[in-house]
Amino acid sequence: MSAAPRIAPLDALRAGQEIVFGGDRVTTVPADLADSFVAGDRLVVVQSTGALLRIPSNEYGIVDRAVTAAVDGFARLARCTDDQISHFFDRFADGLADDGVVAAIAAANAADVARAAERGRSTTRLVLDERMRSGMISGLRSWRDSDSRRGGVIERIRHDGWSVETHRAPLGVVGFVFEGRPNVFADACGVLRTGNAVVFRIGSDALGTARAIVAEALEPALAASGLPTGAVQLVDSPTHAAGHALFSDDRLALAVARGSGPAVAELGAVASQHGIPVSLHGTGGAWILTGEHADPDDVRAAVAHSLDRKVCNTLNVCAVTRSRAEDLLPAVLAAADDAASERGVPARLHVVAGSEGYVPSERFERHITVRRAGGERTEAHADVVAETELATEWEWEDSPEITLVVVDDVDEAVSLCNRYSPRFVASLISSDPDEHARFYDAVDAPFVGNGFTRWVDGQYALDAPELGLSNWQHGRALGRGAILSGDSVHTVRYRAEIADRSVRR
Numbered sequence: 001m002s003a004a005p006r007i008a009p010l011d012a013l014r015a016g017q018e019i020v021f022g023g024d025r026v027t028t029v030p031a032d033l034a035d036s037f038v039a040g041d042r043l044v045v046v047q048s049t050g051a052l053l054r055i056p057s058n059e060y061g062i063v064d065r066a067v068t069a070a071v072d073g074f075a076r077l078a079r080c081t082d083d084q085i086s087h088f089f090d091r092f093a094d095g096l097a098d099d100g101v102v103a104a105i106a107a108a109n110a111a112d113v114a115r116a117a118e119r120g121r122s123t124t125r126l127v128l129d130e131r132m133r134s135g136m137i138s139g140l141r142s143w144r145d146s147d148s149r150r151g152g153v154i155e156r157i158r159h160d161g162w163s164v165e166t167h168r169a170p171l172g173v174v175g176f177v178f179e180g181r182p183n184v185f186a187d188a189c190g191v192l193r194t195g196n197a198v199v200f201r202i203g204s205d206a207l208g209t210a211r212a213i214v215a216e217a218l219e220p221a222l223a224a225s226g227l228p229t230g231a232v233q234l235v236d237s238p239t240h241a242a243g244h245a246l247f248s249d250d251r252l253a254l255a256v257a258r259g260s261g262p263a264v265a266e267l268g269a270v271a272s273q274h275g276i277p278v279s280l281h282g283t284g285g286a287w288i289l290t291g292e293h294a295d296p297d298d299v300r301a302a303v304a305h306s307l308d309r310k311v312c313n314t315l316n317v318c319a320v321t322r323s324r325a326e327d328l329l330p331a332v333l334a335a336a337d338d339a340a341s342e343r344g345v346p347a348r349l350h351v352v353a354g355s356e357g358y359v360p361s362e363r364f365e366r367h368i369t370v371r372r373a374g375g376e377r378t379e380a381h382a383d384v385v386a387e388t389e390l391a392t393e394w395e396w397e398d399s400p401e402i403t404l405v406v407v408d409d410v411d412e413a414v415s416l417c418n419r420y421s422p423r424f425v426a427s428l429i430s431s432d433p434d435e436h437a438r439f440y441d442a443v444d445a446p447f448v449g450n451g452f453t454r455w456v457d458g459q460y461a462l463d464a465p466e467l468g469l470s471n472w473q474h475g476r477a478l479g480r481g482a483i484l485s486g487d488s489v490h491t492v493r494y495r496a497e498i499a500d501r502s503v504r505r
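Counting along the sequence shown from 1, when you hit position 363 you're at 363 in our numbering, and nothing is skipped either side.
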């Protein structure tokens with residue numbers, strides 16, 4: 001009989017120390033990790049990549065306290081009424097509508113924006129302007145007015161002498177890591193509508209704004225409605241380690257991450273290996289395909305209206321059918337120019353090798369000024385890229401940026417989309433119903449349309465503020481749509497009623 005394995009605390013790491021991961025691979029501890037690791041810290045080994053993530057003890061403590069409070073808050077929410085939850089959303093919205101309250105939040109946001117700009121970070125989604133403020137207020141009031149769905153009966157099965165009911169039930173504590181976008185903070189509070197608690201970790205760029213929203217509007221709304229303070233918790237830390245700590249806490253019922261593709265993928269891997277269900281909202285970028293029966297004016301409108309700002313559902317790749325390239329490609333170029341001119345800038349084009357002959361040569365010869373997160377840069381108006389660049393999501397600030405490719409037919413465009421895109425948003429411009437039917441059946445994406453791509457949004461399309469939009473890059477979700485909203489975060493319970501006491505198996 002073999003001896004039981006010896007288990008001891010991890011108090012230190014050695015440079016070069018071998019760490020097994022994935023069951024059949026080994027990585028080694030780098031010197032800087034070994035030097036920084038001290039007793040009380042935790043080490044997470046990402047089993048899919050071998051990445052070694054250090055969680056300092058103080059970061060673990062911050063997250064542990066937040067999750068503990070949320071677990072208690074979730075239990076207490078069960079004793080709160082639906083009217084109390086509605087009142088919370090109403091008071092939260094009123095707070096954000098109050099200019100006096102928002103003055104403090106706006107000041108914190110201005111400081112966040114200034115710091116982010118100094119660090120060369122993108123600020124396009126960080127600025128809390130009137131449009132964002134209005135959207136937050138509207139979203140909170142839509143939660144106020146929505147049905148509770150807590151404990152609702154989904155189905156009733158009747159038997160002789162007894163019956164079984166299927167009930168919708170809260171899921172538990174939702175962990176939510178997201179980029180520096182203040183509006184998402186309000187949207188994700190929607191999980192309270194179905195009786196869940198939430199723990200936030202916001203990107204460091206917007207942490208000051210989040211602290212102000214909590215202090216000035218959210219906590220007063222919780223107090224006024226009588227909801228437990230633990231129901232909504234902010235992880236008050238700017239470090240990535242705090243996100244890793246949160247997503248390794250197996251008290252979470254669901255881990256939601258949105259932001260940049262690699263960061264979201266790593267967070268999802270951490271949560272998954274700790275047995276936590278995940279909902280990832282990372283890589284974006286929409287595709288527009290033009291069919292044999294596309295109208296140039298329809299193409300121009302769809303492309304222009306898909307490039308008004310850079311978010312996940314913004315047009316990223318446009319595939320034009322070769323037989324119609326002479327009249328459709330000019331429409332695409334004109335639309336990109338239209339969208340750019342509205343912003344007072346030129347458009348940035350990437351043309352897949354083999355398609356450059358369809359684009360005016362002067363676009364490749366001309367150079368333009370493009371403002372990136374790190375500052376202004378001089379770049380070619382258009383350049384030639386490899387086909388593999390169809391997989392690149394262009395993160396632009398002011399200058400709309402797209403990839404163009406000329407294809408033999410829609411079937412080839414769909415094949416490229418399924419191979420290189422994150423399988424997210426796909427739109428076909430065509431007046432032929434049969435072409436649309438074939439396209440819908442063949443393209444591997446949860447969001448499919450026949451015009452502009454920016455309709456893909458929970459609040460805009462479904463009148464429900466979203467927690468995020470899932471692509472199919474890592475497979476299709478089971479039994480859930482690609483829009484994750486607060487009212488879709490629930491589980492199912494069963495309740496039996498025995499009317500005839502003589503009933504037995």
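If you're looking for bench data, these hints aren't it; they were derived computationally from the structure. Think of the CB as a built atom: it goes at the ideal place given N, C-alpha and C, for glycine as much as any other residue. Check before you lean on any hint, since a few could be wrong.
[What the hints assert, rightly or not] Here are the simulated distance ranges between beta carbons:
| id | residue 1 | residue 2 | range |
| --- | --- | --- | --- |
| 1 | Gly374 | Arg480 | 36 to 42 Å |
| 2 | Pro330 | Asp463 | 25 to 31 Å |
| 3 | Leu478 | Asp83 | 32 to 38 Å |
| 4 | Gln47 | Asp463 | 19 to 25 Å |
Hints versus structure:
1. The hinted window of 36 to 42 Å between Gly374 and Arg480 holds, with their beta carbons roughly 38 Å apart.
2. Here the CB-CB span from Pro330 to Asp463 is close to 37 Å, at odds with the stated 25 to 31 Å.
3. In this structure the hint that Leu478 and Asp83 lie 32 to 38 Å apart at CB holds, the actual value being about 34 Å.
4. Taking the beta carbon of each, Gln47 and Asp463 are about 40 Å apart, not inside 19 to 25 Å as hinted.
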